[in-house]
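Trainee: The whole structure should be built from the sequences, with the hints applied where relevant.
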Amino acid sequence: MSPAVNRVDGSRNNVLFCLYTAVRREVKLTYSLMESNFDAAFVPFPIFTTASLIYRRATYQEAISSLAYATLYGFFFSYSIDLANNAEGGAIEDHINKPNRPIVQSRTTVAATKIRFYMACGTWLLLSYVLDLYIWSLLWIVILLFHYQLHVSRIGPAKDLSMALGVISQLMACWKLGGSDTESGWRWVKLIIVWTFFTVPIQDFRDIPGDLAAGRKTTPILLGDYPARIYTSLGLMSTEVSFHDTIIPNCCYY
Numbered sequence: 002m003s004p005a006v007n008r009v010d011g012s013r014n015n016v017l018f019c020l021y022t023a024v025r026r027e028v029k030l031t032y033s034l035m036e037s038n039f040d041a042a043f044v045p046f047p048i049f050t051t052a053s054l055i056y057r058r059a060t061y062q063e064a065i066s067s068l069a070y071a072t073l074y075g076f077f078f079s080y081s082i083d084l085a086n087n088a089e090g091g092a093i094e095d096h097i098n099k100p101n102r103p104i105v106q107s108r109t110t111v112a113a114t115k116i117r118f119y120m121a122c123g124t125w126l127l128l129s130y131v132l133d134l135y136i137w138s139l140l141w142i143v144i145l146l147f148h149y150q151l152h153v154s155r156i157g158p159a160k161d162l163s164m165a166l167g168v169i170s171q172l173m174a175c176w177k178l179g180g181s182d183t184e185s186g187w188r189w190v191k192l193i194i195v196w197t198f199f200t201v202p203i204q205d206f207r208d209i210p211g212d213l214a215a216g217r218k219t220t221p222i223l224l225g226d227y228p229a230r231i232y233t234s235l236g237l238m239s240t241e242v243s244f245h246d247t248i249i250p251n252c253c254y255y
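Residue numbers for the sequence shown follow the numbering used here, so the first one is 2 and each next one is one higher.
Don't take each hint at face value.
27 Å max Cα-Cα, derived DSS-like pairs, lysine-lysine [to be verified]:
| # | residue 1 | residue 2 |
| --- | --- | --- |
| 1 | K29 | K99 |
| 2 | K29 | K115 |
| 3 | K177 | K191 |
Hints are computed from structural coordinates only; laboratory data are not their basis.
Mentor: Written as structure tokens, this is what we have:
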């Protein structure tokens, strides 16, 4: 084999190796960005979409198609919030509360994370347009911009409300992907919104040291430890009462 051919083959192998290394690094970085929030941001998509499919008695073929779209759509939903969350947290708070995050470990930068955020949002909006879910995607992106870019997340009640509104964009998109009517899905979503509003502050008890260092005023910091615990407990109790009053009487309908 001639030296010229060897050079071409070697160059091709180098390109493939570099591509493999870049993709492998990005996959590992994506996992590190998403792992702490995966259960809350991604898992509801296949679950709630399945509920919608069962509710309308969809066929297996319809279920496979809907769940495939839900998986892809849910990935971008989860990825976008985790990119925004990591970029907003930066290094001050995360050095204290979440030292395993990629920015803290210098595996990426805030600027690079923001670039990924804008690219992910653009791709997600295109996908949502194809799936006729762009209303819910736009709602979520607006919430993210208020939440992280305008630093609404630094104020407890505003953060709690924005996360509750985010549940609307998340679960109503799931329900529509399953093909059921909006009204039936809203009966469940409105209760989950209330539950989310009162449970978001629970995670903030853990993050108080880092939030104080970053200048945040989360609900536990604003109310104090014991009043905030009473507040969240009463909220959960009210959700339970609402569940029994609005859902249980209609269980025979489902």
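Trainee: Taking only the CA atoms, is the gap from K29 to K115 under or equal to 27 Å?
Mentor: Answer holds: K29 to K115 is near 18 Å, not above 27 Å.
Trainee: Taken at face value, is the distance from the CA of K191 to the CA of K177 at most 27 Å?
Mentor: holds (15 Å)
Trainee: Are the Cα positions of K29 and K99 separated by 27 Å at most?
Mentor: holds (17 Å)
The earlier numbered hints are all upheld by this structure, with none contradicted.
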